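Q: Keeping the supplied structure of chain A fixed, place chain B upon it in accordance with the hints.
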Amino acid sequence: MAGIRLQRLGKVFGATRAVDGIDLTIPDGEFVVLVGPSGCGKTTTLNMIAGLEVPTSGDIWIGDDRVTDWEPGDRSLGMVFQSLALFPHMTVFDNIAFPLRIKRVAPAEIERRVRAVGDTVHVGHLLAKRPATLSGGEAQRVALARTLVVEPSVFLMDEPLSSLDAKLRVEMRTEIKRLHGTLRSTFVYVTHDQAEAMTMADRIVVMHQGRIQQVGRPLEVYGNPANRFVAGFFGVPAMNFVEGELHAESGGARFVAQALGLSLPGQRLGSGPAVLGVRPEHVRLVSAGESWPAAVSLIEPLGDATLVFLDYGGPSSLVAKVDAEEKLAVGNRRSFTFRRDRIVLFDAATGGRLST
Amino acid sequence: MRQRGFPLFPLVRHTLLLAWAAVTLFPIYWMVMTSFKQAAEWVTWPPRWFPHEPTLVNYVKVLTPGTSTFELGRQTLKILKPIGDSLIVSGIGSLIAVLLGSALAYSWARFGTGGRSYPYNILSIRMVPPIVIAVPFVVYFVTLRLLDTYTGLILVYLATSLPYVIWMMLAFVEEVPVELERAARVMGASRWKVLRSVVLPLTASGLVVTFLFVFILNWSELLLAMTLTNTEVSTIPIQLNKFQSANEGRDYGPQAAIGTIATLPVVVLGFLIQKHLLRGFSFGLLRK
Numbered sequence: 001m002a003g004i005r006l007q008r009l010g011k012v013f014g015a016t017r018a019v020d021g022i023d024l025t026i027p028d029g030e031f032v033v034l035v036g037p038s039g040c041g042k043t044t045t046l047n048m049i050a051g052l053e054v055p056t057s058g059d060i061w062i063g064d065d066r067v068t069d070w071e072p073g074d075r076s077l078g079m080v081f082q083s084l085a086l087f088p089h090m091t092v093f094d095n096i097a098f099p100l101r102i103k104r105v106a107p108a109e110i111e112r113r114v115r116a117v118g119d120t121v122h123v124g125h126l127l128a129k130r131p132a133t134l135s136g137g138e139a140q141r142v143a144l145a146r147t148l149v150v151e152p153s154v155f156l157m158d159e160p161l162s163s164l165d166a167k168l169r170v171e172m173r174t175e176i177k178r179l180h181g182t183l184r185s186t187f188v189y190v191t192h193d194q195a196e197a198m199t200m201a202d203r204i205v206v207m208h209q210g211r212i213q214q215v216g217r218p219l220e221v222y223g224n225p226a227n228r229f230v231a232g233f234f235g236v237p238a239m240n241f242v243e244g245e246l247h248a249e250s251g252g253a254r255f256v257a258q259a260l261g262l263s264l265p266g267q268r269l270g271s272g273p274a275v276l277g278v279r280p281e282h283v284r285l286v287s288a289g290e291s292w293p294a295a296v297s298l299i300e301p302l303g304d305a306t307l308v309f310l311d312y313g314g315p316s317s318l319v320a321k322v323d324a325e326e327k328l329a330v331g332n333r334r335s336f337t338f339r340r341d342r343i344v345l346f347d348a349a350t351g352g353r354l355s356t
Numbered sequence: 357m358r359q360r361g362f363p364l365f366p367l368v369r370h371t372l373l374l375a376w377a378a379v380t381l382f383p384i385y386w387m388v389m390t391s392f393k394q395a396a397e398w399v400t401w402p403p404r405w406f407p408h409e410p411t412l413v414n415y416v417k418v419l420t421p422g423t424s425t426f427e428l429g430r431q432t433l434k435i436l437k438p439i440g441d442s443l444i445v446s447g448i449g450s451l452i453a454v455l456l457g458s459a460l461a462y463s464w465a466r467f468g469t470g471g472r473s474y475p476y477n478i479l480s481i482r483m484v485p486p487i488v489i490a491v492p493f494v495v496y497f498v499t500l501r502l503l504d505t506y507t508g509l510i511l512v513y514l515a516t517s518l519p520y521v522i523w524m525m526l527a528f529v530e531e532v533p534v535e536l537e538r539a540a541r542v543m544g545a546s547r548w549k550v551l552r553s554v555v556l557p558l559t560a561s562g563l564v565v566t567f568l569f570v571f572i573l574n575w576s577e578l579l580l581a582m583t584l585t586n587t588e589v590s591t592i593p594i595q596l597n598k599f600q601s602a603n604e605g606r607d608y609g610p611q612a613a614i615g616t617i618a619t620l621p622v623v624v625l626g627f628l629i630q631k632h633l634l635r636g637f638s639f640g641l642l643r644k
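Here the protein sequences line up with chains A and B, keeping their order.
Mapping of the first sequence onto this note's numbering: residues 1 to 356, in sequence order.
Mapping of the second sequence onto this note's numbering: residues 357 to 644, in sequence order.
Worth flagging that the hints you see were computed from the coordinates, not collected in a lab.
Treat the hints with care, as some may be off.
Computed list of lysine-lysine pairs in PhoX-like fashion (alpha-carbon distance at most 25 angstroms, straight line) [unchecked claim]:
hint : chain 1 : residue 1 : chain 2 : residue 2
1    : B       : Lys598    : B       : Lys434
2    : A       : Lys167    : A       : Lys177
3    : B       : Lys549    : A       : Lys129
4    : B       : Lys417    : B       : Lys598
5    : B       : Lys434    : B       : Lys417
6    : A       : Lys103    : B       : Lys549
Anything over 10 angstroms on all C-beta distances counts as not near chain B; from chain A, calculated [as the list claims (entries may be wrong)]:
hint : residue
7    : Pro72
8    : Lys103
9    : Glu175
Model, not experiment: these values are computed from the prediction.
Beta carbons: idealized from backbone N, C-alpha and C, even for Gly.
Extracted from the complex, chain B is given alone in its bound form:
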């Protein structure tokens, strides 16, 4: 018996954690609430903790098709296209990164492709701050006519996601005992069949987790997207950033609506990752 009587320590700990959670979650709460408020309630004093007349008008405004407008000192930003653009570049970039990266991770884990230090070299790419590569990228992209294109941004996201994918997939591939693959090969399975019937099912959860993880990263990436796009391609973080200072763009409701829409997938995917991570490692019951 380590603890007797009143559990003082857990109580203190939970109080502190709750307080900290309140501090971090409050801005998000405020954003979500504001997104459902009429214009009159945005900046009232005393503040209204709940919208007294909840409305979807902010969402309707930002989600109507068309291009962004700027009138009467207020800009109305439309985000249907940015949502699409974000889905395209984050989705395709993350998908290709997962396909390529898991192949690389597998070949390194099983055949030592590229030598012992290969994964570390790859990781060092990730240690370069994005600001350092942003400007050189512009130079290259001008030459290659990739500036402000989907292909360009997809390539950039592919390159920045690959190190994460390789490192995460390395862990998942190494969880699969090599004897399973050997057993299948002795039974006559080709290398492809071994990948399909043994490796893929056992790393499927890992693939999902890895995809979600890099998708979230790419979905919220701002700096490279800002530098390498202009008018043709515009992701959600760029659009959020377009809200000007309080002087010009006091359009808090739509801004909050966009923020909420941008945050939602990140939260949902975050929970999905947790669920899959547990599943991913539950095969640890393998006899070693």
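Excised from the complex, chain A in its bound form:
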């Protein structure tokens, strides 16, 4: 069992700063998801923890050991790769037995442990097969079994589900999370899929351009984003952004944009260009109160809810997520408002969070 600590960790490839001096502490037994768009440095960070990339600067601690310059094999971790990296010239049995053979475990013991772990992840019946003959889900389980068999204290996973179809991905997602519940080992999971991050993580680490943007529990990151990047990264459909101006008022502030203005009592925000962010589920169709008129330009029924595109006179339409029962048609004129307590404001220039 071991936690992980990254200290001012950096990696430079030529002129590119892939990872820009990040600090992160992952307590023992936590399921941490590194998430971000491709090229954000999440895989490089994972590879440095694994020892597959040598950091340009900074240190990595696993448990009480400074492992920065240790060989990958000495760090007692298990890793599942994006391509799964099953050895094509070996049977499933030999694939799972490979790490045990390297550790010179006795043959009888290898046999026992491979069969045991094979049963745990339901690949017991595949042991004689070659990886090329497995289905995507089976190959996924074999890769998992090969990692599990040595009982590592840290699991590293690099987009392990990206090769699976949507349905299987959701299944495996649940299974990996359940596995973490049983093992209580430290999991570091890399993905670009915000749904995977939200559903699996104890804590999410959002990365962008080699830097950590925010670290927090899934609902915290979703509901209380640290900046505009994080706000836009999570949520389907994405958060609505409205560009406008903030004006300080007595007893609060007022946000004014094209065809839209609302007062924010009790908020001390200063003045200047700002961006208002509101998630589709916090845009409400109303008939009374402070609201703005709009025309329904598009309707996307999801089944459990309906997405409504509202043309209110601004530069782009707003998306509202409304009850599926709501009677709507394209061309309808409706009034909308925002859930005030869920509005977030960002500095227009830096993208940093403004509201308290």
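A: Only chain B this time, still in chain A's reference frame:
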């Protein structure tokens, strides 16, 4: 449906190909037939398409141990020693080239050893015509006392084979996903263990193909062998070349026998390469 009715085009194409095959294969056919003919049948008119009295006498003649003789206007060349010499220089030269070249290819593919243009520089060595390097080699070899030695010819074949080996092995090494090696290393495998258990099995077919390919090249190389050897070392192409003009050496039967013996390994190895090439790339089923 692209084609209907009588398939005219394939018929024409196959006829042409068959005709071309006949043109190219006829000399080989004639050589093999002559090698089984008695002396009386070598130059009869009308020509005999098959030996009427097939014989192995030509093979016995060239394969008996001893040195080559020259009597009654006919030379009898013995080829047991040339076969041995060819096997030694082509075999050892190709083997070392494959060992060194695949190590180079691996280190370039994985670590970029030597810089981005390294394989191209190596390839440019191969673009120099052998005749250009033959004479300088003689000068060096005299100084180094390598003229007419196995070591000398092995070194030359090693140098000329290396570019081919590096380029062929580059393709095979790059077929092995680097994540396989990384996975093995995370599991605790040393770099050597990774090479032995992952890279070697996955490139084995490539190694075989590459070895066979450069072996064939070296087996049939004439110019450098001629220039750099004299009496001590004598490869099969040199021996074949020793048959003089029709005036002196009208020993067509033994000549054909030697030709057949020299051609046989090339044909066999050629077919082996085809088989292995297919196997070599069948691991393309890897999930990427």
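Q: Each of the hints needs a verdict: does it hold here or not?
A: Hints versus structure:
no.: 1; hint: B:Lys598 x B:Lys434; in the structure: holds, 11 angstroms
no.: 2; hint: A:Lys167 x A:Lys177; in the structure: holds, 16 angstroms
no.: 3; hint: B:Lys549 x A:Lys129; in the structure: holds, 23 angstroms
no.: 4; hint: B:Lys417 x B:Lys598; in the structure: holds, 16 angstroms
no.: 5; hint: B:Lys434 x B:Lys417; in the structure: holds, 7 angstroms
no.: 6; hint: A:Lys103 x B:Lys549; in the structure: holds, 12 angstroms
no.: 7; hint: Pro72; in the structure: violated, 5 angstroms
no.: 8; hint: Lys103; in the structure: violated, 6 angstroms
no.: 9; hint: Glu175; in the structure: holds, 19 angstroms
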